[in-house]
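Undergrad: Chain by chain, the residues:
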Amino acid sequence: MTTAAPTTERSAAQDVILRFEDVHKAFGAQRVLRGLSFDVQRGKVLGIMGGSGTGKSVALRHVIGLLQPDSGRVEVEGRNVPDLSGHDLSELRKRMGYVFQEGALINWLTVEENLALPLVENTELGRGEIADRVAEKLAMVHIPDAGKKLPSEISGGMKKRVGLARALIVEPDILLYDEPNAGLDPEISRSINELMREIAESHESTALVVEHRVDCIRTVCDEVVFLHEGEAIVHQPTEEFLRPSHPRLIEFLGPDALN
Amino acid sequence: MIPAPQALIVPVMTPPAHLLAAPPGWLADALPFAFAAGLAYVLLQAAWFRATVVEMGSILELAGATAMRLHHLPRRSRWLMEQLFAAGVRNMHVVLLVGLFMGMIVSLQTGIELSRFGQQDQIGTIVAASMTREMGPFITSVVLAATTGSALAAELGTMSVSDELSALEVMSVDRVSFLVVPRVAALMIIAPVLTVLCDTIGIVGGGFVASSQLGVPLAQYTETALDALQEKGALIPVPMDVYSGLFKSVIFGGLIAIISCASGLVARGGALGVGRATSRAVRDSIIAVIVANYFLTWFLYR
Numbered sequence: 000m001t002t003a004a005p006t007t008e009r010s011a012a013q014d015v016i017l018r019f020e021d022v023h024k025a026f027g028a029q030r031v032l033r034g035l036s037f038d039v040q041r042g043k044v045l046g047i048m049g050g051s052g053t054g055k056s057v058a059l060r061h062v063i064g065l066l067q068p069d070s071g072r073v074e075v076e077g078r079n080v081p082d083l084s085g086h087d088l089s090e091l092r093k094r095m096g097y098v099f100q101e102g103a104l105i106n107w108l109t110v111e112e113n114l115a116l117p118l119v120e121n122t123e124l125g126r127g128e129i130a131d132r133v134a135e136k137l138a139m140v141h142i143p144d145a146g147k148k149l150p151s152e153i154s155g156g157m158k159k160r161v162g163l164a165r166a167l168i169v170e171p172d173i174l175l176y177d178e179p180n181a182g183l184d185p186e187i188s189r190s191i192n193e194l195m196r197e198i199a200e201s202h203e204s205t206a207l208v209v210e211h212r213v214d215c216i217r218t219v220c221d222e223v224v225f226l227h228e229g230e231a232i233v234h235q236p237t238e239e240f241l242r243p244s245h246p247r248l249i250e251f252l253g254p255d256a257l258n
Numbered sequence: 000m001i002p003a004p005q006a007l008i009v010p011v012m013t014p015p016a017h018l019l020a021a022p023p024g025w026l027a028d029a030l031p032f033a034f035a036a037g038l039a040y041v042l043l044q045a046a047w048f049r050a051t052v053v054e055m056g057s058i059l060e061l062a063g064a065t066a067m068r069l070h071h072l073p074r075r076s077r078w079l080m081e082q083l084f085a086a087g088v089r090n091m092h093v094v095l096l097v098g099l100f101m102g103m104i105v106s107l108q109t110g111i112e113l114s115r116f117g118q119q120d121q122i123g124t125i126v127a128a129s130m131t132r133e134m135g136p137f138i139t140s141v142v143l144a145a146t147t148g149s150a151l152a153a154e155l156g157t158m159s160v161s162d163e164l165s166a167l168e169v170m171s172v173d174r175v176s177f178l179v180v181p182r183v184a185a186l187m188i189i190a191p192v193l194t195v196l197c198d199t200i201g202i203v204g205g206g207f208v209a210s211s212q213l214g215v216p217l218a219q220y221t222e223t224a225l226d227a228l229q230e231k232g233a234l235i236p237v238p239m240d241v242y243s244g245l246f247k248s249v250i251f252g253g254l255i256a257i258i259s260c261a262s263g264l265v266a267r268g269g270a271l272g273v274g275r276a277t278s279r280a281v282r283d284s285i286i287a288v289i290v291a292n293y294f295l296t297w298f299l300y301r
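Protein chains in written order, with numbering that gives the first Met the number 0: chain A, 0 to 258; chain B, 0 to 301.
Treat the hints as calculated values from the structure; they're not laboratory data. Every residue, glycine too, gets a C-beta built ideally from N, C-alpha and C. Any given hint could be a false lead.
Quick partial rundown of chain A residues pointing at chain B, CB under 7 Å, derived from the structure [to be verified]:
| hint | residue |
| --- | --- |
| 1 | Ile63 |
| 2 | Leu65 |
| 3 | Ile105 |
Build the full structure now, drawing on both the sequences and the hints.
TA: In structure tokens form, the structure reads like this:
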């Protein structure tokens, strides 16, 4: 069994892009993260798995500065995210893409406008160039004709794709997925997983995928961290992870998932 | 005479001289401050008071942030136009209806009283002055708070609970510039426009009641109403009642927009949180308008 590795030892020889170091976070009396430590190598897709309420999404939100840890460090390229100034955090965010659980599309903008928003707000690109890039990303997520629709006019699966396209529009170095398969049927879920794998291979970007579906982890992730009570108790390559030896992980995955 | 036992003689204790003396001047001066500090401490222990202070702080912070970004308005012209339409055109019929009946009520109430003294020919003066000074801006603001203010809070509150605000944040989109600036500007522009309509329809409604129910000739009502609006202000040489009312309505529009946006932006906890944000926005907007109205009246008419 390979439990969560001591990150400081591991990272020295590897190209670590993202690191959690003894991160604690509580909401009132509820302690969600209790000393979370792990790191992610550049270009890898890391899955974060765990039961409900173990702090998976909370951990993800720390990476992009939506939440601040009570203690510990959340480093991106060696810089502690909570210590960044507003300007530096904004610059860092421009190099990241975040796919929200429900898409989080701005409901009064069309799909095209949703995709174009970060470019319109943060770049000097012209209208034509933005339109080209929007069309390219919509084609990449296999919904080239959805541009003129409002979010309320498209299905849940399409919203996920639009959310993914919006995250990709800035050509991010780091992609963060918050339960990309939540609420989707198995068929759409498979197509989303394949899309995520395609993106990982074609963009060579680093990704963190919060997920509790084994099929997604198997298809998309290179490594997996398993959280239990706010700590990373297992950190292994996906193949090893899916042949679990840790009793809590065996209990979580169940006998069916291991086949 | 038997002398009293020594033990029964109780010595009379006199307080030390420094305690009998009047308190030093600095102590007397400090007492009000000490009292105020004590009162502030007690109030700060009350959760509701702390929450109110925090809420007011966030409103002031948002107002400051909005003011700093007003120069972004040309970039937000599309959203500004949409908000102007939503706040102006969609509420116009409500303002006109309420303004009409308010003018009729003022005319009827004052007309009945003035008739007792044979002074009903002054109805036009009273209706015009009360509509332009107070009723027009206030009624328009209440309508805006109930309709546009609640809609703003619900819209931003829904964005907050559905992670749309977080999405803006992770895309490095300035949400004050993107969401708040066009909404605040729209209400500050549309409130005086609606106030003019409200004033006008109210004065017309008052004239209708005066002529049809109180026996005041329409020409006389019109003349007295227009005369009442001629008085020029000391600061600006335009009709005082009109510009003071319009100035108030600009302030009221800004207050309603800022309070409603602040309420929506901090909404948490799903549909329940959005509902609470909406009702809080309307309640706080109306309170703010009433309080601000007093101070503005004091400032403009002192």
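Undergrad: Look at each hint and say if it fits the structure.
TA: Hint check results:
At a threshold of 7 Å, the smallest CB-CB gap from A:Ile63 to chain B is about 5 Å, leaving the interface hint in force. Taken as an interface hint, A:Leu65 checks out: its beta carbon lies about 6 Å from the nearest beta carbon of chain B, inside 7 Å. Annotation: A:Ile105 was flagged as interfacial toward chain B, and the flag holds, the nearest CB pair being 6 Å apart, inside 7 Å.
When the structure is compared with the earlier hints, no violation turns up for any of them.
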